[in-house]
Amino acid sequence: MMELRSTLAGRIVLTAVATVILLFLALPIVVILVTSFSNNAFASFPPDTWTLNWYQALFADGSKWPAALSLSALVAALSTVFSLIIGVTAATALTRSELPLRSAVYALVLGPLVIPQIVTALGLFLLFEPAAMLGSPIAIALGHTVLAAPIAVLILIATLRGIDERLEDAAASMGAGRLTIARRITFPLAAPGMIAAAIFSFITSFDEFYISQFLSSVDTVTLPVQVYNSLTFEIDPSVTAISAILIALAILALALVALARWLGSGRQGSLLSVENTAGVANPGGETV
Amino acid sequence: MAALTTTAPARPRKLLASRKTRIGILYALPVVVYLLVLFVYPIFSTLFLSLKDTDGALTLHWYADALTGVNLSVLFTTLRISAETALLSLVFGFVLANAISRLKPLWAGVAMLIVVVPHFISALVRTYGWIIMLGDKGLVNETLTGLSLPGAPFQLLYNELGVVIGTTSMMLPYTVLLLYGVMRGVDRRLLAAAASMGAGRITIFRRIYLPLVSPGLASAGLLSFILSLGYYITPALMGGPNQTMIATLINQQVMKENQWNGAAAQGVLLLLITFAGLLLVKLVTSLGASRRKRSAT
Amino acid sequence: MAEHGVVTPSVETAGAASATTTGKALSVVALRKTYGDVVAVDEASMEIAAGEFVTFLGASGSGKTTTLMMIAGFCEPDSGTITVGDRDVTRLAPQKRNLGFVFQQYLLFPHMSVSENVAFPLTLRGVPKNEIRRRVGETLEIAGLSGFGSRKPRELSGGQQQRVALCRALVYRPPVILMDEPLGALDKKLRDQLQVEIKTIQQELGLTVIYVTHDQEEALVLSDRIAVMRNGLIEQFDTPRELFERPRTPFVADFLGAANFLPGRIEQHTDAHTLVRLDGSGGLLKARRHDLAIGTPVKAAVQPGRLRVSAPDDGFCTGTVETATYVGTLVRAGVRVDGDDAPPLRLEVPAGRGPVTGERIGITADPDDVNLFPTEQGG
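Protein chains in written order, with the numbering used here: chain A, 206 to 493; chain B, 794 to 1090; chain C, 647 to 1025.
Next comes chain A alone, as it looks inside the complex (with noise of 0.2 Å):
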């Protein structure tokens, strides 16, 4: 291909189609911070005038947005929680012990990233249904974490790989006991992966729509379970708003972990590296 790159022509064409790309992949979300500050929502664009209406609308009287967003918050945080406990214990089994049947464990692990999220909501539905659950923000919660924990196992699992595990040796003959270990050399090197893992953890959860939507009920409805029924149901404004702080949330949250890996790795690497921006695409280093 380095032969392509002889011609001219040959560049400006394949740089301008790549641009158009890069611009079908950014435009619907730039599109929607800017028409969240737009005085008339479904009109032209770019708008002629500017308003925080949709956001102050958000907070008012009966508004529905306060309720499923402190909702998704509460599932987000107690997914958090037990996505951790299973990634922490999970990835030291993986890469630190002899585990019988590793690859049925990992292939099991694996499972809830390439099943059909709408099987696994469909079947968790039939779980929760006949016990009389649905609506339960931990039963929403235990049901994100199914597709939480193994992101967060993966994350955890490259954390720990990328921990020399000769390091715990050489504790260990200097006398340090396994505890001592764990709490003054393998934590302190893991958490900026265990802040990534939770940040992710969060995300997941956050985002989820499938289960939330088969185990939501009337009165309890999570933030993308109201986005959605306010896009099919009831055309309310005030979307693009709640939209726009979920990009903000996201573009955070990968800041935070960017962030974090820089400053724990104290690598001089650039935050804005390739392999940087690939591997918090691909946080487990793993392809299916």
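There are no misleading hints in this set.
List of simulated lysine-lysine pairs, DSBU-like, C-alpha gap at most 30 Å:
id : chain 1 : residue 1 : chain 2 : residue 2
1  : C       : Lys834    : C       : Lys845
2  : B       : Lys813    : C       : Lys742
3  : C       : Lys798    : C       : Lys835
4  : B       : Lys845    : B       : Lys1049
5  : A       : Lys269    : B       : Lys930
6  : C       : Lys834    : C       : Lys798
7  : B       : Lys1049   : A       : Lys269
8  : C       : Lys775    : C       : Lys742
9  : C       : Lys742    : C       : Lys670
Quick look at which bits of chain B chain A covers, simulated, 3 or more residues with Cβ under 8 Å:
id : region
10 : 818-826
11 : 904-918
Rather than coming from a laboratory, the hints here were simulated on the basis of the structure. Computed from a predicted model, the values in this text were never measured in an experiment. Cβ coordinates follow ideal geometry from the N, Cα and C atoms, glycine included.
Using the hints provided, position chains B and C relative to the given structure of chain A.
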């Protein structure tokens, strides 16, 4: 003097193998129990439900239902839209990954960021962005009208075009990341070697480059196909009645018609197609691995 | 679970094993380790005195590292015992053995500064803060690292990192320090320099060290005694001089000195010497006295540096110089011996009066430099 290599033997570092095994089992317990109860068991109960008649007897008629009439055409629609999505995201992904792999590191990082960030934004939100953009007075139609293109504004929403635009933009980050990895793995010296032997640009591309990346292309395409199969949000919000996909049907049967058995049968079908696709991915990957091994020797 | 409280040896124990301790520091009895059908270490036994520098020397797969790992506790022996001082540590976890370990890959804790790394083992032992500061400072000074205390490991060069690792292993004065090819990752010049430093520190502080390497020269420079290992067996455990001059097996003779092996038969004994009739050249080679029956087929081992040039027909054999390579102070020569179709005899002679290619020379050897091995021993 005998030349001695420094290659260290496999470090014999395992202390008390049995204890390490016990710790491993103890630590693996939470994830295994959790997923068995909340993931594997529910899937099996879905399977049982799909085989159970209303009176509890064993039956296949839910599957017969799922594979006839409207349900069958929904299944075909699902396969068609997934195939279109896979093809488009593969082509776009190839072009973009190729362009990024030639950029200077800083610009490649910026481009990668634009690819990666949307991936972490809720699909629902991105779909909404498309709805705003593709409406009669949305950005796209305004631009096209502004360019006084004949026929503008176009109907870009609530039809198959809208759905495929939406699903393709959801799948694109996957294919770009996968293909970028594959392209970085191609040994550029092979291409230089071919050029030194007098091969032209097109020959090098067709005979050397493409064979090297084709397993990656195949698995990326298959993966986006599999992932599109279960899509619900985008077809439901951006499609018309003719773009109903299987996930929508499952949802309707549970939420509106209380027809769990039928939903379960369709879920199992979706699962089977997914497994078949994953099997193909595995096949293609091992094929690619053996090809790489051969090219390395 | 092995917990911290149980693990911590008291400060007194750590301090007691100091330079002045004499007698046995460590002993290993009939240590054996197998991996499946492969015997990694076969009945290794040895006793190491306090203040001694002992090296395990061998190629990869010889069992040297496995033996070290068993002493450290990272690998459990199938049978045998390991005693540190008077304490049987065979079945103890590494953290309970109170040994020091220096790894080839340094393994400094990346999130701690140099000082924190060196202080780490002391904090585990509950040493008071002032004491820690004093001992860390002292130790860094010994290794020439004063002023580097606040740096992070990644800001140091490889040689400096390994010095820190050394400090970290000796700061708590463990009775024995184990080193696993600590200089393996460094370049030749740095390696030579650090060898001298390690030896100096070891002697000054009277440390007991067990060192693993595959580099003969390094072993010779550093060690009081060397255990030459092959296929899981200790071939010979002796001082460098003994190994060099009185190798007990052809392998040792070859491994340390790259000896020439001349096949022959025992012809005759005198009071002090044994005479060997060489197979190829038919010459008579005089060796020091070996108790072997007349007529026994043997291999006579002589190191290239111990062969001398004489006038033709004046030595135990005569030949033609085939190759002569000048290597600094030495000339390495290959001599085709008359009547012998074996590969050329290798000689190393001082460069001044070195032979030239094509020259006819005789070859002699001091009987004391000739070691005989019955051919049945193989090799």
